[in-house]
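Student: The primary structure of each chain is shown beneath.
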Amino acid sequence: MPYLPMPPPVPYVESYGFWEGCKRHELIIQRCKDCGTYRHPPIPVCPVCQSWNQHWHKVSGRGTVEAFTIVTRALFPGMLVPYNVVRVELEEQKGLLILGNLIDCHPDEISIDIPVEVTFEDVSPETTMFYFRKAA
Amino acid sequence: MATMRDKYAIVGIGHTDYSLSSGRSELDLALEAIMAAIEDAGLGFNDIDGIVGDYPNRVDPMTIATALGMRNFGFFIETDFGGGGVPGGLLHAIAGIEAGRATSVVCYKSLNGSSKLTLPGFAFAVEPHEHGFTRPFGLLAPVAYAALSARRHMHQYGTTSRQFGAIAVACRKHANRNPNAIMYGEPMTIGDHQNSKMIADPLRLFDCYVEADGAAACVVASAERAKNLKQQPVYIMATAQACGPYLSRGTKDPTIEENETSYLAQQLFSMSGLVPSDLDVLQIYDDFTPFVLMAIEDLGFCSKGEGGPFVESGTIEWPDGKLPLNTSGGNLSEGCIEGFNHIVEAVKQLRGASTAQVKDAEIAMVCGANGVATSGLILRR
Amino acid sequence: MPYLTGLPLPESHVDYNEFWQGCRMNELPVQKCKDCGWYRHYPRPLCPKCYSWNAEWSKVSGKGMVWSWTIITHPIHPAVVDKVPYNLVEIELSEQEGLRLISNLIDCRPEEIHIGMPVEVVFEEVTPEITLPRFKRTS
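Residue numbers (our numbering), protein chains in the order written: chain E, 1 to 136; chain C, 137 to 517; chain P, 518 to 656.
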């Protein structure tokens, strides 16, 4: 059961690899082959050294909550509130941020810097979503 | 207005391969073209302090800036009107520099016209909420507007399909000298044009542009700054935007003397101090052949109604014509980069680097799309 | 049987609703400036001639002539893949030179369509909510 009843992500050129990784239950992040900088969301060139050489790198999936919000107002009918949106800083690189949702977690339990880890859910035959949960 | 003349220059150009199915995103294509243009100018990414995109790009300026690690922006904007807006992007670049907000501005256009659907049901020159007056009747694409306008031109002046075809044949001839053109290696005779599939009577397949995946970009700087950069500058003698006095919206009436392109011509010639006979080479937006013919008339290269004989006369064909048109193949045969390919080709002509080089080309014109709010440039070496 | 069905339909819009309501009642209302009498189409808030905000909807005769035409023979959009060939016309209404609207001609072979052909409006109900103004040759 997906956390939010949102339309599924539409993979597009640069992002295909990311969603294919999710299907394998892997969190993969684009990394520059020349200077090693990770970047997310995926883009064609490295924003640090402008190299076109990059590859997908499987990351640990662990990080900390860098920012969060609790949405209390339903934006459209059928949306269950409250729900959370978190920004997680992945442990591989300072400033490597990824947007997601924290599941199995009461809003009161969410705070900055709490450790989290990635988890996956096959919401349909075509789509696997990634989420975060509090690290053990 | 004459005070802007020659104060600014195009100092770098860049473009990707043009293809039918690149498998690349618009961002990927845009970045390649922009990086090439910056490098061509002899600049670094952090020298760029202004950026001009063009709606309906799917790549906004901020995405470019983030990707290239650009930090210190004084100026950014997206122009509008697709092929009508592209040359006008350089006017905006000049405005940003003139206002002291930037020194080196990148302008770009990126399209996945071929491998992706372009705006579905895009109805030319009509606001989205006016679609109720066009779509239910099957007016679902710009070609239909061009067909209605073309039919009036034929009715009023006796213009023929073969005369529209002369434009297609000239552009294809030029494309066959340009290895980057999508239709390179595909010659076209007037017979081929006349036998090509009818799309929207009187427009045939070869009257219509070729969708393409590709991107093109340029860098604009002051003439002063240009002196210290890598390439011989191409000076901007004039740049303007113009809009027509349409009392009723929709199809361009090609018989009306005062329209967006005639206003554009007035501004460009007045700013540059030139007359039509001063031009050595033309790059005119060629989504559909009839609009090119109308633009030639509206710009003053011949009188209203004389466009047919003009284009049939050989004048627009390289190498013998006096006024070669769309010398890299244009949207019709090089590939539709919504006219940014025309800017790149005009610069190449003035640098002596075209695949269909006009001997001693000194002055080039770029004219944006016809029948919509438009823009244009006069450039010199 | 309506000439073309299954195409995108007009959407509700505060500036245009009266036009489509008129069509549903088999009338062709065109916006007219109350101050200078200039008709305009598409409807818009301001008179393009005298800039007045005062406008009224004026029921026109529905008579006009073919100002331009085309036959769409190739599917220019996915919605018309199974509908080509069809005609598309621009009709100049007799009330005012330059007053034009896009439509289709019914009961007319493509080779009969010509600029200047006198026409008159007919109304085709394409859904219970939407009636479209089309044209036929004036007898």
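Heads up, a few of these hints could be off.
[What the hints assert, rightly or not] Derived list of chain C stretches under chain P, where covered just means 3 residues or more per stretch with a C-beta under 8 Å from a C-beta of chain P:
#1 143 to 153
#2 318 to 332
[Claimed, not checked] Here are the simulated EDC-like cross-link-like pairs (lysine to aspartate or glutamate), alpha carbons at most 20 Å apart as the crow flies:
#3 P:Lys600 x C:Asp183
#4 C:Lys363 x C:Asp216
#5 P:Lys566 x C:Glu394
#6 C:Lys143 x C:Glu360
#7 P:Lys566 x C:Glu322
#8 C:Lys333 x P:Glu637
#9 P:Lys576 x P:Glu628
#10 E:Lys134 x E:Glu92
#11 C:Lys366 x C:Asp196
#12 C:Lys333 x P:Glu628
#13 P:Lys566 x P:Glu544
#14 P:Lys576 x P:Asp599
#15 P:Lys600 x P:Glu642
#16 C:Lys363 x C:Asp153
#17 C:Lys333 x C:Glu322
[What the hints assert, rightly or not] Anything over 12 Å on all C-beta distances counts as not near chain C; from chain P, calculated:
#18 Thr522
#19 Glu528
#20 Ser620
Note that these hints are calculated values from the structure, not bench results.
All figures in this text were calculated on a predicted structure; none of them were measured in a lab.
Backbone N, C-alpha and C define an ideal beta-carbon position, used for all residues, glycine too.
Student: Each hint needs a verdict: does it hold in this structure or not?
Tutor: Outcome of the hint check:
1. 143 to 153: Not satisfied, violated; 0 residues make the cut.
2. 318 to 332: violated (count 0)
3. P:Lys600 x C:Asp183: violated, 54 Å
4. C:Lys363 x C:Asp216: violated, 31 Å
5. P:Lys566 x C:Glu394: holds, 16 Å
6. C:Lys143 x C:Glu360: OK: C:Lys143 and C:Glu360 at ~8 Å, within 20 Å.
7. P:Lys566 x C:Glu322: violated, 50 Å
8. C:Lys333 x P:Glu637: violated, 32 Å
9. P:Lys576 x P:Glu628: violated, 31 Å
10. E:Lys134 x E:Glu92: holds, 18 Å
11. C:Lys366 x C:Asp196: violated, 28 Å
12. C:Lys333 x P:Glu628: This hinted pair holds, its Cα atoms lying about 18 Å apart.
13. P:Lys566 x P:Glu544: violated, 25 Å
14. P:Lys576 x P:Asp599: Since the Cα atoms of P:Lys576 and P:Asp599 sit roughly 35 Å apart, the hinted pair is violated (cutoff 20 Å).
15. P:Lys600 x P:Glu642: holds, 18 Å
16. C:Lys363 x C:Asp153: violated, 29 Å
17. C:Lys333 x C:Glu322: holds, 16 Å
18. Thr522: Since the minimum Cβ distance to chain C is about 9 Å, P:Thr522 lies within 12 Å and the statement is violated.
19. Glu528: violated, 6 Å
20. Ser620: violated, 5 Å
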